[in-house]
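Colleague: What follows is each chain in one-letter form.
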Amino acid sequence: MTKQVLVIEDEPNIAEAISFILSRDGWNVSTHASGTTAVQAVRDVQPDVLILDVMLPGKSGYDILQDLRSSDDTRALPVLMLTARGQKTDRELAERLGVSRFMTKPFSNTEMLSNLRELVGG
Amino acid sequence: MPHSRLTGSRIRERRLVLGLKQAALAKEVGISAAYLNLIEHNRRRVGDALLDAISKVLRTDPAVLAEGAEAALLGALSEADKRLPQAQAELDRSEDFAGRFPGWASLVTAQNQRIQELEQMVEALSDRLTHDPELAASLHEVISAVTAIRSTAAILSGGGEVDQEWQDRFLRNMRDEGMRLSGAAQGLVEFLDAGASAEVVPIGPAEELATFLEAHDHFFPVLEEVTGSDAGVHDRAIGRLIADSDALTSREAQDMARQFLSQYMSEAVAMPLQDFQTARETYRWGPMALAHAFDQPLPTVLRRIAFVPPSEGGIGAGVISCDGAGALGLRKSVPGFTLPRFGAACPYWPVFQALAQPDRPMQTVVRQPGGARRRYVCQAICVRRDAPSFNHPPALEAVMLIRELDDALDGEALAHTPPVEVGSACRVCPRPDCAARREATILSAG
Chain P
1 MTKQVLVIED
11 EPNIAEAISF
21 ILSRDGWNVS
31 THASGTTAVQ
41 AVRDVQPDVL
51 ILDVMLPGKS
61 GYDILQDLRS
71 SDDTRALPVL
81 MLTARGQKTD
91 RELAERLGVS
101 RFMTKPFSNT
111 EMLSNLRELV
121 GG
Chain C
1 MPHSRLTGSR
11 IRERRLVLGL
21 KQAALAKEVG
31 ISAAYLNLIE
41 HNRRRVGDAL
51 LDAISKVLRT
61 DPAVLAEGAE
71 AALLGALSEA
81 DKRLPQAQAE
91 LDRSEDFAGR
101 FPGWASLVTA
111 QNQRIQELEQ
121 MVEALSDRLT
131 HDPELAASLH
141 EVISAVTAIR
151 STAAILSGGG
161 EVDQEWQDRF
171 LRNMRDEGMR
181 LSGAAQGLVE
191 FLDAGASAEV
201 VPIGPAEELA
211 TFLEAHDHFF
221 PVLEEVTGSD
231 AGVHDRAIGR
241 LIADSDALTS
251 REAQDMARQF
261 LSQYMSEAVA
271 MPLQDFQTAR
281 ETYRWGPMAL
291 AHAFDQPLPT
301 VLRRIAFVPP
311 SEGGIGAGVI
321 SCDGAGALGL
331 RKSVPGFTLP
341 RFGAACPYWP
351 VFQALAQPDR
361 PMQTVVRQPG
371 GARRRYVCQA
381 ICVRRDAPSF
391 NHPPALEAVM
401 LIRELDDALD
411 GEALAHTPPV
421 EVGSACRVCP
431 RPDCAARREA
441 TILSAG
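So the protein lines, in turn, are chains P and C. Taking UniProt numbering as reference, the numbering of the first sequence is continuous, increasing by one, and the terminal residue is 122. Taking UniProt numbering as reference, the numbering of the second sequence is continuous, increasing by one, and the terminal residue is 446.
To be clear, the hints were calculated from the coordinates, so they are not data collected in a lab. Being a predicted model, the structure only gives us computed values, none of them experimental. Built from N, CA and C at the ideal position, the CB exists for glycine as well. Mixed in with the good hints there might be a few duds.
Said to hold, decoys possible - Quick look at which bits of chain P chain C covers, simulated, 3 or more residues with Cβ under 8 Å:
1. 19-30
2. 62-76
3. 94-107
What the hints assert, rightly or not - Across the chosen pairs, the derived CB separations fall in these ranges:
4. P/D63 <-> C/R251: 43 to 53 Å
5. C/R175 <-> P/P57: 19 to 29 Å
6. C/R385 <-> P/D63: 27 to 37 Å
7. C/H140 <-> P/E92: 33 to 43 Å
8. C/G204 <-> P/D72: 54 to 64 Å
9. P/R24 <-> C/P393: 51 to 61 Å
10. P/R24 <-> C/H140: 23 to 33 Å
11. C/P394 <-> P/V120: 51 to 61 Å
12. P/D67 <-> C/H140: 35 to 45 Å
13. C/H140 <-> P/V120: 27 to 37 Å
14. P/P57 <-> C/P419: 45 to 55 Å
15. P/V120 <-> C/Q116: 52 to 62 Å
This is chain C alone, in the form it adopts within the complex (with noise of 0.2 Å):
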């Protein structure tokens, strides 16, 4: 167990809150006083051995002692300083200030967070800002209304001469455009309401579809049940599924969510939760061997291993999917890698390369700017969805597994593979001199 240097410290807090002498612990561990009296003050390492024997006399668990509530502070301090490197923190004093001043410390890192959430709901409001159809549909009913009005106001202000037909139709003009401005401009106003808070409420059935999978965490548990059933049987508990979810309210949004859940569960009875987990162990994760175990197409296997929650024994993995043009649908995120809400991705995610090089597996270690530069394995793959056909392009989708490189999974090779430096969108990559940046970051470098 990696003991920290504070571990000492968190002894002599624990004894102290309990009343217990320091003489009575060092009796009971079967030490000198003088010798615990050194380890509390951090002058001595402490085996694992005597570190259980002190935890439990302590009543507590040895993690705690060794590592203490400091160790999720140092990795969010950590996270920090990476953020912000100009900042010059004294990283290799970090220890030292989480444990004389934790207020301050949880400050920090709380204000990191919430700078990290601001950064996404900013994503978010400029993706939605830049992209929407709605939003440019919106204001060109708002332009084209005022247009139309002003016009006609100034003609029938500007003091020429207009009979009392074309003045009635002028009128008349002028009230259909201010009915359409005023509905036009109520939009907008829910547009930008909805904009503004924290929650971004879904636009359009793919908004809604990713919301209702997202409120699921993209798992199933009622159709895991059913695996065994007839078509009956899984098409009620589909339709349960959609008709209790206050997510999917438009009829697109509801067949959409239709055809992925009618997916999922093919997906799910070719390769049942039970038989997934014990061949995963087996296969340690391998979606080629996976693949090969079940006799299932590659896409199957890394949509499978991502909705597998880590409560069902999955590694928590995302997962996205996009067509031949690169539109991203499918969308599961995975703590510490940033996928746009909205709009284009960055072009150097592996599964945009695979696009270019159909039917080819490709597994590539990739790392995202900023918050804790992580590293993540991708696996993709790129299909075709249609049958061939003569003198027609055929239909693509790529899928993209997204799981934190393991050290323990991958092996040597894996972790020592220097990692293809990525971003999310344009607009939130600092990244300077990328070759392929769409638009200027509304971030600054660092």
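Chain P with its partners taken away, still in its complex shape (with noise of 0.2 Å):
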């Protein structure tokens, strides 16, 4: 069965490139570029995964992480961290908000597959 990934990325070439990997490896890809919106996305598209960038517009990742793992309807879902900053602090932080996977940009696009296949049992 499809899985679906949805991506919170503002940055539309990041965005496109992901979307391109997914779609090509056989994912169901929807994108999001908004923070302040982002958790009602989730809501909307009830992905299998999130891929989710820190630093978005109106509202940061780490917030919208939060959010997302003090509703019982998000509260499980896999998330995929995404960061310009890969410094130890913020890993940390991302760990103590209950991140699943944390990657530094730039990425590779093979680990960000493996890493997301991981994630979803596949």
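Join these two chains into a complex; the hints should help.
Modeller: So, in structure tokens, the structure goes:
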């Protein structure tokens, strides 16, 4: 069965590249660029896995993750977080908030695919 | 007049320079040659009257003979010792050292001065890298562009199927991201080049304004001269100052400068320089008394005291202001009291204590680590800038005057007040075990 992935990323060219890679790999891909309405997008799309950027307009990826983890319907959603800041403190913060995987930009397409497959048990 | 132990040596040196015999000088000033010999070998202290007489014959200032160039040198050596006490310099022998090896002593003090300058540069660069939003934004641009290029290039070169339409699209994306990367990289190089020079190039309107104010030492004689004129004259004077400035390049900085100079102008009108100087003598720099005398709010008086330079009878004070979040605005430094050029300051500064107690004037004696360990009197007050309204938090501003403690001016009570130990900014503060520390220091303790 085709897995649904939601990509929350405000950089259009990054979002497009990710969409292409995942679509070619057989995923059903949706994208969303706003931090403010990201949680609602998750509820609307109901993805199997979420790719979440940290620096988003309106609301940070950390805040979105916190919201998702505090709500029953999204608490268990696997989240792969992408950030330009790969410092230990950023990773620790993401882990404290309940991130499933953490990748720093620029990332390898293969590694991203591998992480996503693991997250959905594929 | 305080005489150092080397007064006699200086008398001898000066006499020899002038080619004057010991006996001749002794005769001129009415003492025996034997007694002058004892003085010249620092075995007898010389009284003020005799020193005056000798200095007249030697055609020099008595202070030069009493303290000599070594006074400054000794002070600088003492500062060097305080900066690195673990070196255990023989401070009690610094006069001998300065007297016997003035060149080496000058080298020690010059190196100490250089270390101080380098520390300040490190502080500025460190603050810049840590806190500068422009740098953070540039780096984010670079990483985003690189991420897009890397992922797209991997798609195109990865061997999988990519139809022509997508190929064209990705090539366009890569070209756009390449352009963006080159712009961001160029910006970064300019930023880092500017950071590497000793003279920090202003970044952003606030820094442009700070550079402008520093260039004028926060004093504008042109505005002082037109206090009696009408508003049109004031505006034209302000406009000329802004137009003539090389530092104020952005429109925002010029607007900020106009706002600052308008406030300066209105404060100069309220407290004209001449009246202020007269009143100042009467009230001995007491800000409260001056505020009462001129019927002006305390922040106005604190700024005015700080802006009047020593050449106009001022006391060379510094002043800072901060908003309710503690972000520093106005920064006029005072020698020996280090102000961070960027980022946050030491939370123990009285200006931040004042924020917690609006409308309560505070006076505190403080001391910073390193350097000469001078004590400073800080007088601060926090006021609200906006009109009160229901359920709306106040827009607070705190202003703090900083000046070196002056025993004559401040009297016994303040002189004996134990100073509060404060820093400049955590990165350049060596104080260990500070409960208020936000980040690690780049300096070793001591």
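Colleague: Please go over all the hints and tell whether each is borne out by the structure.
Modeller: Hints, verified against the model:
1. 19-30: Coverage by chain C holds for the segment 19-30 of chain P (3 residues, Cβ < 8 Å).
2. 62-76: violated (count 0)
3. 94-107: holds (count 3)
4. P/D63 <-> C/R251: 43 to 53 Å: Violated: the Cβ-Cβ distance is about 34 Å, outside 43 to 53 Å.
5. C/R175 <-> P/P57: 19 to 29 Å: This hint holds: roughly 25 Å between Cβ atoms.
6. C/R385 <-> P/D63: 27 to 37 Å: holds, 31 Å
7. C/H140 <-> P/E92: 33 to 43 Å: violated, 20 Å
8. C/G204 <-> P/D72: 54 to 64 Å: violated, 45 Å
9. P/R24 <-> C/P393: 51 to 61 Å: holds, 53 Å
10. P/R24 <-> C/H140: 23 to 33 Å: 28 Å Cβ-Cβ, so the 23 to 33 Å window holds.
11. C/P394 <-> P/V120: 51 to 61 Å: holds, 52 Å
12. P/D67 <-> C/H140: 35 to 45 Å: violated, 23 Å
13. C/H140 <-> P/V120: 27 to 37 Å: holds, 29 Å
14. P/P57 <-> C/P419: 45 to 55 Å: Taking Cβ atoms as reference, P/P57 and C/P419 lie about 48 Å apart, which means the hint holds.
15. P/V120 <-> C/Q116: 52 to 62 Å: Check passed, 59 Å falls within 52 to 62 Å.
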